[in-house]
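Chemist: The whole structure should be built from the sequences, with the hints applied where relevant.
Going line by line, the protein sequences match chains A and B. For the first sequence, the positions run 1 to 89 when the UniProt record's numbering is used. For the second sequence, the positions run 1 to 345 when the UniProt record's numbering is used.
Be aware that a few hints might be false.
Said to hold, decoys possible - Listed next, the stretches of chain B that the computed footprint assigns to chain A, with coverage defined by at least 3 CB atoms under 8 angstroms from CB atoms of chain A: (1) 44 to 53; (2) 91 to 103.
Stated by the list, open to error - Pairs of lysine-lysine, DSSO-like flavour, derived with a Cα cap of 30 angstroms: (3) Lys155/B / Lys184/B; (4) Lys345/B / Lys273/B; (5) Lys62/A / Lys89/B; (6) Lys281/B / Lys226/B; (7) Lys64/A / Lys89/B; (8) Lys33/B / Lys226/B; (9) Lys18/A / Lys89/B; (10) Lys273/B / Lys184/B; (11) Lys89/B / Lys89/A; (12) Lys183/B / Lys33/B; (13) Lys345/B / Lys221/B; (14) Lys226/B / Lys155/B; (15) Lys273/B / Lys183/B; (16) Lys155/B / Lys13/B; (17) Lys33/B / Lys18/A.
The set of hints was computed from the structure by calculation and includes no laboratory data. All values reported here derive from a predicted model rather than from experimental measurement. Just so it is clear, CB atoms sit at the ideal spot from N, CA and C, and this is done for glycine as well.
This is what each chain is made of:
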Amino acid sequence: MTTNREELIVEFKEHLIKYLNLLDLAPADIQNDVPLFGEELGLDSIDSVELIVLLDREYGIKIKNPTEGRQILVDVNTIVDYIIANRTK
Amino acid sequence: MYIKDLYAISPQKTHDLSFENGDWKVLNEYIYKAIEPSYQDLIPNAQLRRMGKAVRMGMGVSLPLLGRNPKPDGIIFGTANGGLEDCIKFLNQIVEYNEGTLTPTNFVQSTPNALAGQIALLSENMSYNVTHVNGSLAFESALLDASLFFDEHAKEEKRLLLGAVEEISDYNYNIDRLGERFKKELVSNEELLDSETGGSYCGEGSTQFYLSNNPENSLAKFTAFKQSSHLFHDEIAEFVMRFLEEQNLTASDIDCLLLGRNGDVTTDSWYQKVEQLFGEKPTVYFKKSVGEYRTVSAFASYLAVRLLNGQAHYLIENGATVKPRTILIYNHFDAVRHSLILIQK
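Modeler: Put into structure tokens, the structure is as follows:
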């Protein structure tokens, strides 16, 4: 299990590319503080469900509250911080 | 039903019309994979990254067709399996994650009507939208639906996008291969019909037609079609001749035959029976070009329209100089599902 934050960021980005099929991107192409659901990556509502599945499968985190989800799934930094605080695997 | 426009992605270079102009690809492969064009200018990246091959190929054919023709009054598709690869992924996920949280993309993309739905969304077309999944007669069912649609709207000009799509899934290919539907030894498609073994080679692709009930500026027309799933071997000749009689035609009225011979010695005798009815008629064996798949009769129809318009004549055996005006397609799948399609200039 990766515990170092920088390593976790890279690992999460690799999962993000795999789950969302962003095959023309490398982890370094995704900025940590750029909103995922905006102009940059152009993710949409189906991607948000894919992200919830990612967090469940890879880190044992279940997001059930939509309001909570909107605060977590903002950018790479917010998601990785949440993983560090709440992961069960 | 008049064909105003058509386009195809197939294991030959139909996407840039090289195939039609004589560039025939020799295939020495177990799987005849479709040659896909670049989709970057056609499909937004956000949608393209999610698309399975069937949806991608289907969109790659439909968007150029819709781009150069008025908005159709309906979208009708035939597919036996739809997005099979995504379907298998989704089913495997159910097992792997013990029926827990599943990703939506594989499910959304794997439904057979995902393609027709996405075409409607991207082209903002809220009209009649149906996908037929009647196995190896799925395209014929779509054809019947289109015919009924035009019958229902005979008093006004109507237009339809009619198509078919099939993709190869590795998982299903292996099952079909174990079931001896596909050959275990490798033979070039040039020698496919002389292979003297069971099975054929698996193909894939998407073929689409832009149809209208207005004959003006049409390339050809679907004159008639017929299907059967309950024929005995000694009934095929009568099935064909009765079909011609229903159209007030005889064997001599057919200028060119398109036959689905696929090199499978266990079932090719059906085609030989039909060939015998027509003597030394100019013939095209279209599966040498694209292999066997369940909606391949759509590709045969595509090829017929090209032949009727002076293209791809190099494929005609026993008469490359003929200028056909009436073409009969006979195809069967596993010698169980048979179809006849009559296409005329």
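Chemist: Does each hint hold? Answer for all of them.
Modeler: A quick look at each hint next to the structure:
With a threshold of 8 angstroms between beta carbons, the proposed coverage of the stretch 44 to 53 of chain B by chain A holds, since 4 of its residues qualify and at least three are required. For the stretch 91 to 103 of chain B, the proposed coverage by chain A is satisfied: 5 residues have a C-beta within less than 8 angstroms of a C-beta in that chain, meeting the threshold of three. In summary, the hint linking Lys155/B to Lys184/B is not supported, as the alpha carbons are separated by about 53 angstroms, beyond the 30 angstroms threshold. Simply put, Lys345/B and Lys273/B have alpha-carbon atoms about 26 angstroms apart, close enough for the 30 angstroms limit, and the pair holds.
With a C-alpha separation of about 22 angstroms, the suggested pairing of Lys62/A with Lys89/B holds against the 30 angstroms cut-off. With a C-alpha separation of about 21 angstroms, the suggested pairing of Lys281/B with Lys226/B holds against the 30 angstroms cut-off. Proposed proximity of Lys64/A and Lys89/B is supported: the alpha carbons are some 25 angstroms apart, at most 30 angstroms. A hinted pair counts as satisfied when its Cα atoms are at most 30 angstroms apart, and Lys33/B with Lys226/B qualifies at roughly 29 angstroms.
A distance of roughly 14 angstroms separates the Cα atoms of Lys18/A and Lys89/B; the hinted pair therefore holds under the 30 angstroms criterion. Note on Lys273/B and Lys184/B: the hinted pairing holds, with a Cα-Cα distance of about 26 angstroms set against a maximum of 30 angstroms. Distance check on the hinted pair: Lys89/B and Lys89/A sit about 24 angstroms apart at the alpha-carbon level, within 30 angstroms; holds. As the CA atoms of Lys183/B and Lys33/B are separated by approximately 16 angstroms, the hinted pair is consistent with the 30 angstroms bound.
For the suggested pair Lys345/B and Lys221/B, the alpha carbons sit about 6 angstroms apart, so the restraint of at most 30 angstroms is met. Between Lys226/B and Lys155/B the CA atoms are separated by roughly 25 angstroms; this keeps the pair inside 30 angstroms, and the hint holds. The suggested pairing of Lys273/B with Lys183/B holds, with an alpha-carbon distance near 23 angstroms, which does not exceed 30 angstroms. The suggested pairing of Lys155/B with Lys13/B is violated, with an alpha-carbon distance near 39 angstroms, which exceeds 30 angstroms.
Among the hinted pairs, Lys33/B with Lys18/A is consistent with the structure: their alpha-carbon atoms are about 24 angstroms apart, no more than 30 angstroms.
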